[in-house]
Amino acid sequence: MHIDMDAFFASVEEVRDPGLRGKALIIGGDVDSSRGVVSTASYEARKYGVHSAMPIVQARKLCPHGIFLRGNFHLYAEASEKVRAVLDTVSPMVQMSSIDEAYVDVTGSQRLFGGDDAIAQYIKSSIHRETGLPCSIAIAPNKLVAKIATDLAKPDGYLRVAPGGEAALLAPLPVRKLPGAGPRTCEVLESLGILTLGQLAAMPEVMLERVFGQAAALWLRRASRGIGESVVEVASAPKSISRETTFEEDLLDWSRIEETLAYLTERCTYALREEGMEAKRVTLKVRYSDFETKTFAKSFAEATCLDTEIAAGLRELIPKGRERRARVRLIGVCLSCLTYNQHQLRLFDGEHAEKWGRVLESADGIRHKLGFEYVRFGKSMGLGRKVTLATPSLSR
Amino acid sequence: MRITIPRQDLLDTVNKVKSVVSAKSALPILTHILMETEKSSVRLAATDLKVSIECTVDCTVSRPGSLTVSSQRLSSILSELPDEDVTLDLGENNVIELTCGKIETKLFGMAPEEFPPIRSFEGIEPIYLKQGTLKKLFVKTSFAICTDQARYNLTGLLFQLEKGKLVVVATDGRRMSLASDDEGVPQEVEQKVIIPSKMIHELERLLDEDMDVAVYVDESQAAFVFARMRLVSALIEGNFPNYEMVIPQKHDKEVVVETAKFTEAMRRTRTMTNEKFNSVRISVRNEVMNLKVVTPEVGEYEEELQVEYTGDPVEIAFNPEFVLDVLRRTDVEKTCLILKDGMSPGVIKPFTEAPQDNFVNVVMPIRI
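Those protein sequence lines, which keep their order, are chains A and B. If you're matching positions, the first sequence starts at 1 in my numbering and goes up one per residue. If you're matching positions, the second sequence starts at 1001 in my numbering and goes up one per residue.
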């Protein structure tokens, strides 16, 4: 089963402020300046041709009367958590593929709920009760077809694809609807006169092989017939945790950049500890005003989850980032080489780390109760209590 | 210079010295071996500027002199040659002619004067110790030497002579291993230095029969001389932690377990751990030790062992590798685990009638 929240950010805003209902809502990173892109447009706004990933400037031209909002990302994250909680009551096999999208393996939940339709009905009503949000659901024999079908069911719909019905459902759709076929592949297919998935399915394999190579040809052929084998991947331990942001204007003043970096680092280490993990490597990411992007990494001798140690690692990297005397557009931190925090005690100088460990544990406890902003350290306090990033990143 | 020597003799000697040579070095001469003739022998030397090894082997010297040759090249040629005598003859421009039966090769050497001089310890009084004693102590403790260069003072082995006893200590900050012996150790000598791990590993490899080894120490370097070999190493400057403070004195829970059974069980627990999660929980109660591993995404393991223990129940978690590192080097039938609680260091010692103090291991637990 695949579930996709309808115009997720916009719908959350409508719940927050019912006055926005039915209006052309456009949520984007930085709606006041000329730099942001649209992250979500309500269905009303989509009528004017506004879609996600479009520059705000262009959206303004297409839909001048639209309501442009910067977005309340913590509300979206909260709503996403609630959706997940509902899905968790349906099946243990839940894969949140993004903030507003999930795959659920409902094979084992049939008897419990009384069939596909009952499951979909239960989820839709539960999510509506918990969050007030609409969603679209499709239940199909595999993930690939379910995702395509959800798209067809939108908005606020439900579609069931019975086993054996996959190929028939896909046949009339344009090749661009196939998730996993990139723009380049589609261009090639279209230039060959293959416009629909049905046509693609009918192509002899030899011909596809000649154009795309053996592996890709096999995949295209199978996918176009609705054959997919990937399984629902239950959330496993993250491989890395990163936070990055684009500045409202490109900055040359590293004291301000460092404040933001300190804040992003706090966000990272907090997330790291929430996962119960430690990182062995920290990477500083800098994008300069000419879009050149550089990363600088440092490995620690021992994995750590302490702000103090990770900040110390970053301090060694900052001079490297500063070597180029260019304005900075984006800054980011990434923690990788993650292992579970096992709390291996130390023979010497363990006290210092233990003490910090306890301090951070208490800080995280306060953050749980009152919110992240309530406990902050060192440089990041220079940003003031309420931090609004132009482009927040919600990656894990 | 011109010498003739059985191929196997030369190959063995090259292999003894070449392990310190780094394959790539900023200084090309450091990838070479120096050969210098003596009366009826040749001395081979290799160095990475920190550790140097010299080894002498008998040969026929028809023209005295010295040369340098790439260690990698020489050892690979020698290992492919038939087992006959080889002749090395230095011609002009440091070109070495190597002949073996009907095989003739030419190797390009470098000027021997370029080879860095190795410290001589003339005028320093040596300390005589037993090779076997040294080797035993090094093998027991060297696994715990810290590999993190950021903690430079821990990247070597503490080598301490005091009151007729030799004590060696290694630690990486999470566990510490101490071994001591008084066999053949002179009474009146006192010495305390940190020897780099590379030197210790070379000595572990080369120390052999139960003969004497002469140890020379000055402010910055140490030399070990034995069996026609001489190893010289820079010492690590810095303070080694006070190891006596690290060994807990007031632990009262002594658990005695059969070494072989404990080792087997720990090896089994290890099959259920992974890189990300490496911890085994040990709980002891009424003569039963329970070993338990719960690793996310992998599985679980549980086993019970019979032990000698009657005190209050105690529970602690360790990295199984740390325990196994010790057990592998324990050569008596029983092992003693001395504990206080789950947050205090555990001590592992060999046990014969009482816990033995000549091999003491302190292992920090993993917080449960």
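Please keep in mind that the hints were generated in silico from the structure rather than gathered at the bench. Just so it is clear, CB atoms sit at the ideal spot from N, CA and C, and this is done for glycine as well. Careful, some of the hints might be misleading.
Unchecked claim - So the derived list for chain A, only partly shown, Cβ under 10 Å to chain B, looks like this:
#1 P183
#2 C186
#3 M277
#4 T295
#5 A297
#6 F300
#7 L338
#8 T339
#9 Q342
#10 L345
#11 R346
What the hints assert, rightly or not - Derived DMTMM-like pairs (lysine to aspartate or glutamate); straight-line CA-CA distance at most 25 Å:
#12 K124(A) to E44(A)
#13 K298(A) to E1190(B)
#14 K1135(B) to E1183(B)
#15 K239(A) to E1297(B)
#16 K1276(B) to E275(A)
#17 K280(A) to D1325(B)
#18 K1276(B) to E44(A)
#19 K1276(B) to E302(A)
#20 K1276(B) to E233(A)
#21 K280(A) to D1148(B)
#22 K320(A) to D1148(B)
#23 K280(A) to E1297(B)
Broken hints, numbered, in rising order?
1, 2, 4, 5, 13, 18
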